[in-house]
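Colleague: These protein sequence lines map, in sequence, to chains G and C. Every number in the numbering used here is 1109 more than the matching position in the first sequence, counting from 1. Every number in the numbering used here is 9 more than the matching position in the second sequence, counting from 1.
Keep in mind that a hint or two might mislead.
On the chain G side, residues computed to face chain C include the following (Cβ under 10 Å) [as the list claims (entries may be wrong)]:
(1) F1127
(2) E1138
(3) S1155
(4) F1173
(5) L1202
(6) I1210
(7) S1213
What the hints contain is simulated information worked out from the structure, not anything from laboratory work. Only a predicted model underlies this, so the values are computations on that prediction, with no experimental measurement involved. From the three backbone atoms N, C-alpha and C, an ideal C-beta is built for every residue, glycine too.
Letter by letter, the chains look like this.
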Amino acid sequence: MTAAAVTYAAGDGRTGMFEFFKLLNARCEDHARLISLSMDHSLTRSQRLAIKIHVLYCKACRRFKHDAHMMRETIKMGCGQCNEFPKAKETSLSPEAADAIAASLKARMSDDQ
Amino acid sequence: MKMKRPLAHGKDKAPPSALDPAQWVQLHGDALFGFAILRVRDREVAEDLVQECLMGAYEARHRFTGEAAERTWLTGILKHKIIDHLRKQSRRQSTETLSDQALGEAHFDGRGHWVGRSSTWNGDPKALIENSEFQATLAGCIAALPDKLATTFILREIDGVESEEVCTILGITSTNMWARIHRARLSLRRCLETKWFRESE
Ligand SMILES: [Zn+2]
Chain G
1110 MTAAAVTYAA
1120 GDGRTGMFEF
1130 FKLLNARCED
1140 HARLISLSMD
1150 HSLTRSQRLA
1160 IKIHVLYCKA
1170 CRRFKHDAHM
1180 MRETIKMGCG
1190 QCNEFPKAKE
1200 TSLSPEAADA
1210 IAASLKARMS
1220 DDQ
Chain C
10 MKMKRPLAHG
20 KDKAPPSALD
30 PAQWVQLHGD
40 ALFGFAILRV
50 RDREVAEDLV
60 QECLMGAYEA
70 RHRFTGEAAE
80 RTWLTGILKH
90 KIIDHLRKQS
100 RRQSTETLSD
110 QALGEAHFDG
120 RGHWVGRSST
130 WNGDPKALIE
140 NSEFQATLAG
150 CIAALPDKLA
160 TTFILREIDG
170 VESEEVCTIL
180 GITSTNMWAR
190 IHRARLSLRR
200 CLETKWFRES
210 E
């Protein structure tokens, strides 16, 4: 685990038992941050243990952990519509831009003929 | 006995499979634009990127193998253009001007406790993603994220760019990246909670 990750997650660079006891008393906000971090980065042993214990009795963090993983899994399945800008607002090229692009393509293509 | 037909001149031959540059804007323009604007959040920039993409694709047309669909191939080129753009942009704004903390709404109270309740998320990711209404909701929620959170989250979670690479592209520290992705997750979750899970209960 990089120093930056420790600092980000625990607030200081301490590790081991001290970190563990500190984390046991950590707020949900800190646990949520750790849960997110664990999805992208390996945690220290005390951090992992602290989360495990915390989610045993904290329903809100348990749910966040579940939902965050579920969101990732769902997105990984391939959300075609996520690659298009949803309805409402700017969903298409302006006619001017479309014309301009088509014109430059056409000009470029006629160079080849 | 049949005469062998002379082969078409290699150089002038149309590229393998059917690329049809004259139709690109009409067939793919809007989809490419949507792909770009979701990631760069600026209409003009997105339009420029689509142009760069199509011009670049035209120059590279001989490299099209026909293995992927035309749209997929063009999107791949666009993706590179977008990443180049984000990289240049991060070089221009060398210092983080916006306080990252200011982005996104509050999810915790002053004592670090969760704000608001959540319903239980049930269901199988596969079934969910196959539901086009859910996809639309998810897409809407991603689009509604604050710009920086969206760009970071999309690069990492949708485009699957490695963490270190995301940091380089955006010119941010890893601490900053994790913070953004975390806040994006909190916001997305709240959005889906309100727009999907609560209603479908
Ligand atoms: Zn908690």
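Colleague: Provide an ascending list of the numbers of those earlier hints which the structure does not satisfy.
Modeller: Those not satisfied are hints 1, 3.
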